[in-house]
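Letter by letter, the chains look like this.
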Amino acid sequence: MLSAGRKMELREMVYLSLLSTFAIVIHSLEMVFPSPLPWLRLGLANIITLVTLILFGLKAGLFVTTIRVLVGSLITGSFLNPGFFLSLSGGVASTLAMGLMISIFRNAFSPIGISLIGAFTHNLTQIAMAYIMIVKRKEIFLLTPVILGFAIITGTFNGIASSLLSDHLRGIIGMKSVGRR
Amino acid sequence: MTFWDKVLILLLSGITVLSFYVVKTIFPQGAEASIDVEGRTIGSYSLEEDRILKIKGPLGITEIEIRDSKVRVIKDPSRYKICINQGWISKSGEALICLPNRIIVSITGEGRYDAISW
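Protein chains in written order, with numbering that gives the first Met the number 0: chain A, 0 to 180; chain B, 0 to 117.
If you're looking for bench data, these hints aren't it; they were derived computationally from the structure.
Any given hint could be a false lead.
Derived Cβ-Cβ restraints for the label pairs, each shown as a range [what the hints assert, rightly or not]: (1) Met132/A - Pro76/B: 49 to 55 angstroms; (2) Trp87/B - Leu73/A: 31 to 37 angstroms; (3) Leu73/A - Arg50/B: 54 to 60 angstroms; (4) Leu69/A - Ser45/B: 30 to 36 angstroms; (5) Asp166/A - Glu47/B: 49 to 55 angstroms; (6) Gly42/B - Leu69/A: 52 to 58 angstroms; (7) Glu93/B - Ile172/A: 55 to 61 angstroms.
If you're wondering where the values come from, they're calculated on a predicted model, not measured in any experiment.
Glycine included, every Cβ here is placed at the ideal spot set by N, Cα and C.
Construct the complete structure from the given sequences, taking the supplied hints into account.
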């Protein structure tokens, strides 16, 4: 028989695998979904990242994000493309920022606030990386206001979705979670 | 949504609006109106400064107006007034062509991409 601790570990592993799968599917679907401007994305996969952070903590969040970007890029055929590095850097930076928000401020912010910080970090990291790696022209920063304005909308939306999803999942998983609502 | 969420939304909205102004001051629209007479460029004028230019061509004087970062021809000695009917131009690569008077006003400047994709 498995010990209680080992059982817990296995349960977590299964849940993380499922969450990673959801994230990969959302990520890949979003990549093929047409967008009016190529660099505007809704970042729906961020919902899964945030839910993972809330329920399982920072390490799990980073795990899911990295897996998502790696496998997602293999599915969409963008592995090691410039876009892949933008996704990776933005994803890791926003996951770190959101994880820190949760551990530092605990219950001051709802998932909406945390998601907003994630969206901002994600977009600012990406634009900086795009400047360093691809465009190398300062004019790229002309996009900053547009991207930040868009981040407020998507961040709020993703935050509401994460809040609903994490509440729902908490009931199903029945685990002691890291952060509260 | 908690109280601090609302504070954060206000703060981030503020940053967004601020970034708009910062970007606008750091990157002025660098476009210029370049004027050619009989195939030779006689000068470039910033679109940021409103003014009326009187340019002499083989047929007479062509008047060019620069206002609100746009350019148009307001007077031209040609018969069909094609370059006047073209109206305002403002984007890099556009041109007003007053062929009879051999005057071409074209907009030059950087910072315009046809497309960015990744």
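Evaluated hints:
no.	hint	in the structure
1	Met132/A - Pro76/B: 49 to 55 angstroms	holds (53 angstroms)
2	Trp87/B - Leu73/A: 31 to 37 angstroms	violated (50 angstroms)
3	Leu73/A - Arg50/B: 54 to 60 angstroms	holds (58 angstroms)
4	Leu69/A - Ser45/B: 30 to 36 angstroms	violated (49 angstroms)
5	Asp166/A - Glu47/B: 49 to 55 angstroms	holds (53 angstroms)
6	Gly42/B - Leu69/A: 52 to 58 angstroms	holds (56 angstroms)
7	Glu93/B - Ile172/A: 55 to 61 angstroms	holds (60 angstroms)
Of the numbered hints stated above, those contradicted by the structure are hints 2 and 4, listed in ascending order.
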